[in-house]
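In order, the protein sequences belong to chains A and B. The numbering of the first sequence is the working numbering, which starts it at 1 and goes up by one. The numbering of the second sequence is the working numbering, which starts it at 1001 and goes up by one.
No lab work stands behind these hints: they were computed from the structure. Even glycine gets a Cβ: it sits at the ideal position worked out from N, Cα and C. A portion of the hints provided could be inaccurate.
[Said to hold, decoys possible] If the Cβ cut is set under 7 angstroms, some of the chain B residues that face chain A in the computed set are:
#1 C1013
#2 G1016
#3 L1076
#4 T1078
#5 I1093
#6 G1108
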Amino acid sequence: GQQLNQNPQSMFIQEGEDVSMNCTSSSIFNTWLWYKQDPGEGPVLLIALYKAGELTSNGRLTAQFGITRKDSFLNISASIPSDVGIYFCAGPNAGGTSYGKLTFGQGTILTVHP
Amino acid sequence: GAVVSQHPSRVICKSGTSVKIECRSLDFQATTMFWYRQFPKQSLMLMATSNEGSKATYEQGVEKDKFLINHASLTLSTLTVTSAHPEDSSFYICSASSGQYNQPQHFGDGTRLSIL
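Next comes chain A alone, as it looks inside the complex (with noise of 0.2 angstroms):
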């Protein structure tokens, strides 16, 4: 099946700093999304992408979706405490919609020092 390798595992990084995390796979993905996790909630959706090139910004983050359309990036400047969490990249299974089905990446899990 479809699998996402998000990269790195883990952020540990002092207040201020720019963070920037990637999403790769051998397979085409037509959607691309990020999704924020705080402790014991569920997935906030960051940002969705849905054409190749794009980038889009909210706030403090940037993601974009991969030319290849096999990868993806979401970058967070200026981090704060409360960017603390898990960020997930999460794609629709093949020949699926953003609405359908998705495959998750492993996720990356990010801490701040203040």
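Go by the hints and put chain B onto chain A.
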């Protein structure tokens, strides 16, 4: 934005008890709801896909008689963990989708199930 409510947020019960978890879409009609299970510091594992008015589709390895899913209306799906045992302890999360083009699924806040 789209809101999905999951209840209860936490359950602690004795082994052998059946536990029902509710997932509601509060401001949209959810043609499809998904149920996930998540172990600590791991990714979400899809258990089943629930479509309103039809039987749920279970992922390989998930026992349908153990995890009963009912999607009786466009705003409510329930997951019942029957005769729960300690190994069923986990974080269960639902998500809901309106089925509209480019409208990603939205997640509930999860239910922490602890079986003693």
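Could you tell me which of the numbered hints above are not met by this structure, giving the numbers in increasing order? Hints 1, 2, 3 and 4 not satisfied by this model.
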